[in-house]
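Asks: Go ahead and model the full structure; you've got the sequences and the hints to work with.
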Amino acid sequence: MRKLTYFILTIFSLFTLTSCGVTDEEKKEAAVLTEKQVQKLIEPLTSNENLSKYLTKVTYEKETSYSDDINLYYNILGTLNDSFEDLSIVEKYNFLASVTEIIRNANEENLGKLSCAKDFNCDLYYVKFTTSKQNYKMIYKNSIGLQADNGEQTIYIGDYREYDSKGNLVNNNNSSSESSTSETNTSTSDGDDWVKMDASQKYNIVSSVLTSLKSKGYTISEDTDWFVDALNAFYGENVTNSTKVTEAITLAGFGGKVISKS
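Going by the working numbering, the sequence shown opens with residue 1369, and the numbers climb by one from there.
Treat each hint with caution, since some may be false.
Stated by the list, open to error - Pairwise CB distance ranges, derived in the manner of DEER restraints:
1) Lys-1486 to Gln-1407: 20 to 26 Å
2) Asp-1593 to Thr-1414: 22 to 28 Å
3) Ala-1567 to Thr-1587: 24 to 30 Å
4) Lys-1582 to Glu-1393: 42 to 48 Å
5) Gln-1407 to Thr-1432: 15 to 21 Å
6) Lys-1629 to Asn-1536: 19 to 25 Å
Calculated directly from the structure, the hints in this document are not laboratory data. Since the model is a prediction, treat every value here as computed from it, not as a measurement. Yeah, the Cβ is synthetic: ideal placement off N, Cα and C, and Gly gets one too.
Replies: Structural data, given as structure tokens:
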């Protein structure tokens, strides 16, 4: 209980600092510094020989759905030549997965995340490449998020079709609402999703992430209920709702000093 109280007080302090202590000048400076980091990611992608066979152009954009003055999210965009269409789904998956791996390696010292100024939240949201016929997207996961999901990612082809690393179609419509803890939901769920979940869904998704972290060598000294309570306290404000559940769990764990690396 003491650790949970410490975490809640820490989050409350962050809310206060975020809403009251950030000046317009600091917002401008944070935006400039974050964008410069994103710009630096372009070079290792365009200079990679394996990618250059298909990738003809790389740029970026600010993610408009989740970004504001405090939450700074960006997308990596690119153009592919049409020979990319000849690849199998698995080969297309591997191509985009290699792109996200290059980005994580470029930010290796910060666990694959962009380095953010104090009181700000910044990261990449997705990588999206297009040919003249189709678009391909992969949600970006930093190193902790990727570990929590057992290294699994998915590729979106077009607007609706989602495939796993083996080229199998992911059918989210068949998932039970009572036990929806699939890899896709776990990796993409954020605070907006969390506040809509019932107690069983929250328990299952947290258990899944904690089990994965333990298998990666992390020591966790509190149970699932502790983390559910922590995330209930964490979410509910616009400034935190864009944070992915996997990231919120690790933030709660390290902030509450109940997750450590063995």
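Asks: For every hint, state whether the structure bears it out.
Replies: Hints, verified against the model:
A hinted range of 20 to 26 Å holds for the C-beta pair Lys-1486 and Gln-1407, which are about 22 Å apart. Judged by the Cβ atoms, the range 22 to 28 Å given for Asp-1593 and Thr-1414 is violated: they are separated by roughly 47 Å. A hinted range of 24 to 30 Å for the beta carbons of Ala-1567 and Thr-1587 is consistent with their spacing of about 26 Å. Between Lys-1582 and Glu-1393 the beta carbon distance is about 43 Å. The supplied range of 42 to 48 Å therefore holds.
For the pair Gln-1407 and Thr-1432, the beta carbons lie near 18 Å from each other, so the given range of 15 to 21 Å is met. Under the hint 19 to 25 Å, the C-beta atoms of Lys-1629 and Asn-1536, about 33 Å apart, miss the expected range.
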